[in-house]
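**Q** Chain residues, written in single-letter form:
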Amino acid sequence: MHESLTHIFLDAFLINNFVLCVFLGMCSFLGLSGKFSTAWRMGVSVMFVIIVSSVVSYGANMIMVHFHAEYLRIIVYIVIIAATVQLTEMFIRKKSPALFRELGVYLPLITTNCAVLAVPLFQTGRHYDLIQSTVFALAASGGYCAALILLSLVRERTDLGDIPQLAKGTALTLVLASILSLAFMGFAGMGNGG
Amino acid sequence: MSETKHDDPISVFLNGLWKQNPVFVMVLGMCPTLAITNSVRNALAMGLATTFVMTCSDALISMIRTLIPKQVRIATYIAIIATWVTVVDYLVKAISIDVYKALGAYIPLIVSNCLVLERPEAFAGKQPVGKSVLDALGMGLGFAFALTCLGTVREVLGAGTFLGVHLFGKNFEPWVLFLLPPGGFISLAIWLLTFTLWREHKAKRAAAQQAANELAEVA
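Here the protein sequences line up with chains A and B, keeping their order.
Numbering-wise (this note's numbering), the first sequence opens with residue 1 and increments by one.
Numbering-wise (this note's numbering), the second sequence opens with residue 195 and increments by one.
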């Protein structure tokens, strides 16, 4: 309960980066990191969905605890997320049809991004209050966005390189992700001080 | 996505287990694949839990497939899957509290495993119950098989054990990196490369065989 906000932020953003250290949101991380322009747009959309659904789930959880209906948690959270994604989809379609076409099929797939479902589950498990939850959601989604952008930048470079035909595609992406993840392990030392 | 052309039950089952293996061929359901495979026991438990969820929800979806309106099918699928995941969550907790603690948040996260949602969309939403169950079983066991492959590499190299049994002498220095996140990425990359190599080798041999046959015909 008494974790400081800075610690929550650093922990979710760097030390336990959602993508590179906890393995959440892998499908979109591997699938959408091919181009920088798609990667950052996807990252920002996911950030928006995570923050909204985190706040709404916090309220929903209070209601569920009040009625002793905690066993409904998974179902309620996933419905909240699906609704938020639908909302984002409608919002983007109205505001920027060009962006909507570009993100295409990946927008509805945010619902099945495990990073999105993990945030409400973790914040409930760790008994965060509203402000802590919001900071946690911001940091976790920011970490997701950062990892996606980093990998997309590396992949744009390796696309130009001379790589054995065999290793092209998912295998190469996994090796790159592994190196990035090694780099992020360096942040683990920061966890002890906070 | 991946439609099966063969219709007999055995090939529907084998399709998921091997030909369209969810991890090695379709590259779906990556989060548990990488996160849970630091030991063989966890990998097996996760694979079986996913198989159970897939089989039950695909059977249910296939039963009511004509009643689901097309526009809200995804929402319906997710609600059904979430129900079964809740069941599994409590089941695992009742069976083994150790496994439950080790798998942690990844059991509720089966809901957002893309593989679990992809099968109803590609198969169970259109096919009869029996076939859907077979397909889900094949896919689920294929998933469990891939997880176990990965778990074996990571546990043997990272801890020097298999299912908790020590394999090497006292002098073995565990390669801890393989238990940590980068090891997950690397070992999956190695498995994928191995499978690609093997498939390419097979394709080359088939091509050579065909060429030889044609030559024989000409002669």
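Don't take each hint at face value.
Stretch-level coverage of chain A by chain B, calculated; a stretch enters the list once three of its residues show a Cβ under 8 angstroms from a Cβ in chain B [as the list claims (entries may be wrong)]:
| id | stretch |
| --- | --- |
| 1 | 49-55 |
| 2 | 128-135 |
Away from chain B, derived, C-beta distances all over 10 angstroms, residues of chain A [claimed, not checked]:
| id | residue |
| --- | --- |
| 3 | Y58 |
| 4 | M62 |
| 5 | M64 |
| 6 | F67 |
| 7 | S96 |
| 8 | L99 |
| 9 | R101 |
| 10 | L117 |
| 11 | R155 |
| 12 | G161 |
| 13 | I163 |
Okay, derived cross-link-like pairs now, SDA-like style, lysine to any residue, Cα gap no bigger than 20 angstroms in a straight line [what the hints assert, rightly or not]:
| id | chain 1 | residue 1 | chain 2 | residue 2 |
| --- | --- | --- | --- | --- |
| 14 | A | K168 | B | L391 |
| 15 | B | K295 | A | H127 |
| 16 | B | K213 | B | T245 |
Simulated from the structure, these hints should not be mistaken for laboratory data.
Quick reminder that beta carbons are idealized off the backbone N, C-alpha and C, glycines included.
**Q** Report holds or violated for chain B covering the stretch 49-55 of chain A, Cβ cut-off 8 angstroms, minimum 3 residues.
**A** violated (count 0)
**Q** Using Cβ atoms and 10 angstroms as the threshold, tell me whether A:I163 really stays out of contact range of chain B.
**A** Nearest chain B Cβ is 12 angstroms from A:I163, so the label holds.
**Q** A cut-off of 10 angstroms on Cβ-Cβ distance, and A:R101 was said to be off the interface with chain B. Does that hold?
**A** A:R101 clear of chain B: closest Cβ-Cβ about 20 angstroms, beyond 10 angstroms.
**Q** Should the label of A:M62 as a non-interface residue stand, given a Cβ cut-off of 10 angstroms to chain B?
**A** The claim holds: A:M62 sits with its nearest Cβ about 19 angstroms from chain B, beyond 10 angstroms.
**Q** Since A:S96 was said not to touch the interface, does its Cβ keep a gap of more than 10 angstroms from each Cβ of chain B?
**A** holds (23 angstroms)
**Q** Does A:L117 really sit off the interface, with its C-beta more than 10 angstroms from all C-beta atoms of chain B?
**A** violated (5 angstroms)
**Q** Against chain B, does A:G161 hold up as non-interface, every C-beta pair farther apart than 10 angstroms?
**A** It holds; A:G161 is separated from chain B by about 17 angstroms at its closest Cβ, greater than 10 angstroms.
**Q** Measuring Cβ to Cβ, find out whether A:L99 lies farther than 10 angstroms from everything in chain B.
**A** Label holds. Min Cβ-Cβ 22 angstroms, cutoff 10 angstroms.
**Q** Is the claim that A:M64 lies outside the interface with chain B correct, judged by CB distances over 10 angstroms?
**A** About 13 angstroms separates A:M64 from the closest Cβ of chain B, which puts it past 10 angstroms; holds.
**Q** Would you check whether the claim that A:Y58 is not at the interface survives, using Cβ distances to chain B and the 10 angstroms cut-off?
**A** Non-interface label stands for A:Y58: nearest chain B Cβ at 17 angstroms, farther than 10 angstroms.
**Q** Counting residues of the stretch 128-135 of chain A with a beta carbon closer than 8 angstroms to any beta carbon of chain B, are there 3 or more?
**A** violated (count 0)
**Q** Are the Cα atoms of B:K295 and A:H127 separated by 20 angstroms or less?
**A** The hint holds at about 18 angstroms.
Comparing the model with each numbered hint stated earlier shows that hints 1, 2, 10 do not hold.
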